[in-house]
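In the order they appear, the protein sequences are chains H and A.
Heads up, the first sequence is in my numbering, so the first residue is 1 and it goes up one at a time.
Heads up, the second sequence is in my numbering, so the first residue is 1 and it goes up one at a time.
Just so you know, these hints were derived from the structure itself, not from any lab.
Please note: incorrect hints may appear among the correct ones.
Stated by the list, open to error - Which bits of chain H does chain A cover? Going by a derived footprint, with three or more residues having C-beta under 8 Å, they are:
| # | region |
| --- | --- |
| 1 | 167–174 |
| 2 | 212–222 |
| 3 | 243–254 |
Said to hold, decoys possible - With a straight-line Cα cutoff of 25 Å, these simulated SDA-like cross-link-like pairs (lysine to any residue) come out:
| # | chain 1 | residue 1 | chain 2 | residue 2 |
| --- | --- | --- | --- | --- |
| 4 | H | 166 | A | 80 |
| 5 | A | 60 | A | 104 |
| 6 | H | 166 | A | 58 |
| 7 | H | 166 | A | 64 |
| 8 | A | 60 | A | 152 |
For each residue, glycine too, the CB sits at the ideal point set by N, CA and C.
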Amino acid sequence: MSVDVLFDSLFLVPFLNGLLLAILLSMFGTYSRMRSEWLASLGVAQAAAAGLLLGAFVGGASTLGALSAAIAAAVAKTFLGRRSGNDAYAVMLLVGWSAALLLAANTARGEDLSRALLQGQLFFSGPSQLIGIAVLVPTALGLMWWLSPRLLLDRLLPDRLTGNGKPAIRHDLTFDVLLATTLALAATAVGVMAAFALVFIPAWVAFRFAGSWRAALTWSVGLGMVAYIASFALAILFDQPYGPVLVAALLVVGTSRSIARK
Amino acid sequence: MTSTLPLLVFDGVVAGYGKEVVGPVSFSVFPGETVGLTGPNGSGKTTLANTVLGTARVFKGEMRRAEGLTVAVQRQHPVRLSEIPLTGRELVRLAGADQQPLPASIRPFVDRRVDRLSGGQFQLLQVWATLGAPVGLVILDEPTSNMDPHSKESLEEILRASHELVGGVLVISHDHEFLDHVTSRTVRIDQ
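The shape of chain A in the complex, shown without the other chains (with noise of 0.2 Å):
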């Protein structure tokens, strides 16, 4: 069930750097809900987001957060360090998302330092740190990428488990049918 009052609003977003990337767009995202973001590579989803950031521009249109709204993202490429002594608990504790119960498929190796991960597993982590986090949206960004299949259905489980946690979640992925399992509704932008 959704409220009328949305958390997230482009309306006819042109967003860019030093120009023109992506646009115009629009659409919205209500609390309760798991919209999905797609398009080819180099449309400007990930562009978008980081509208939502203040790290990109807004050329023109209008991009609207919920008055007091909260963000957490999960970069399409997040800091991994080659070398730092930090469990996945503590990333997890740092993120403040340690206040949820953690999902199954994170708890075998939540205890082991970061670096040690593989990719798949690190990936999973930081999509629980970041849905976990006590925030009104959560932004994923390729959440699917450095994973295998089971994985992926890890991540599903998560998201589909999350659903209660957060305002609302909006999902940038180019993986079709994982949107389809994951989110209510997809917008696709074209270059």
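Same shape as in the complex, but just chain H (with noise of 0.2 Å):
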């Protein structure tokens, strides 16, 4: 296929869609991986799966189906995590695996979303959904402009919060929302397991190399972008489904901290 293709207006509203979901995973990722809470996120995706799956079968409401679902677990992780932690997301991925999985097997267009939240359908999402991204971004940075010395504090000098009379729980379930949100849409656009390693892989990377917090935000998304760039033209180029060339394209950028020395 020839490069031009690249640079059709066709793909200009996918690229923006992905683009710009890619940019506010990679950077959630690392107040995640801060977190130790990186696991939540793909059992959060996976319940926007069953939502987005449940939605279809009660009535078409896909879209509606993955953010309630989403927005759910994240509701659910914020209470049960603080007990138990990665046993509870994983119960959460388990749960949402298994319902999307037997709603896929019964009902009518089941088989077929199925297969989209598996590889991804960020070709064929389009203005709406970039409508619904665009409200999101300024959103999720002001948030986050509020969010991210509290989120800092609340890990690393936790009494500063809670020896003070500040409950952690109104900035912790406002990230969980924001993440679960953005998952939602992005389990939709690139699949799950895309979605997942756009907050896993980056940050992970970013977390050996960058020198200050600020050099592993700028890691965590640059390293997002590139390889949201990159696996976009390979997909197109080769005509491959784009969920796992994205995934591929993370886990190469992954290699890059097993082979350099801390």
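Please dock the two separately framed chains into a single complex, following the hints provided.
Okay, structure coming up:
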């Protein structure tokens, strides 16, 4: 296929949809890793997948179903994860996976939707998704301005908040809902596993190499963008499903962590 | 010089978690004071600090914080993540301790990642992040743990230098010599 196809206006909206989601997810990944909660994002993404299938099953409101399920999982995570940590996240992941596959097996369009969630349907995303994402981006960046010091303080100097009557639940919940909303939109666009990989891998690499928190955010977002753009081009040029190509590109980025010395 | 209104009062406090661990204990911390709290291992020193934070229960007596008092605590076992790309300077800024000039003993490593500091360096940084914070009362719980003699000297210097920065300091330690050097008086609790 000719390289010219990459610049076809047909792909502009899907490209922007995915790019904005990749930026947000790789930024959220640094906070998720700092909180030792990266596994929770796979559980939330899987819950979004189950919600999407349930939404389609009950009346075609698949995006609403994905968002509702992801936010419900995030709220459950906020409260259960405080006590049970990774155990709660693993249970959430298994519940989501089981529900998604059972719904897929027993609904009319289930198999197609299930495959879409595995492979990603970025090239079919359109202006309506872009409007939603365009609202999400400034909202998320504005909230992170407020959340960032609180999330770091809560993790590194927790007594500073709780010892002065400032409960952590408010910013915990805000971050979890923000991440869940982004994961729900990303799971429907790039696929469940690719959405999770955008949270996990760029931050995983950034934590090894970055010299400061600000640098970690830059590394993480930069790596997420590079992997996203490379995989977008490769998936089009070689006519491959987008999600697996993105995960493969991120894995290539991830190998730098293990081959480089600390 | 101390004002007449205490920042913190323990009045016959018997404290613990599921059951009573320590007490009865009575003492106060006034503005400008650095008070030591000592006792054998397991005597409940940290439990008393936890009553101030609301994470331990007062069974009998009364623990009173001055109205509007803000507190910063340096834990005996502070959170230390095995991998975190955060510099010492970023930690100090996060704690609100960046408004004060950095102590000379911290400057050499303040721009390194906190996960790549030695135990003693990390402890010094934590103490400064607590002492330099804009709060009314600072509680240091076993601040000399992980410290070699040189770091301990630096810690004593930091504590003496910070005397005018914070309202009051409560230092929990089983190191009597250290307490003699940095506190104005010491309260002893027995098991």
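Structure-based check of each hint:
no.	hint	result
1	167–174	violated (count 0)
2	212–222	holds (count 5)
3	243–254	violated (count 0)
4	166/H / 80/A	holds, 22 Å
5	60/A / 104/A	violated, 44 Å
6	166/H / 58/A	holds, 20 Å
7	166/H / 64/A	holds, 18 Å
8	60/A / 152/A	violated, 36 Å
Violated hints for the displayed structure, listed by number in ascending order: 1, 3, 5, 8.
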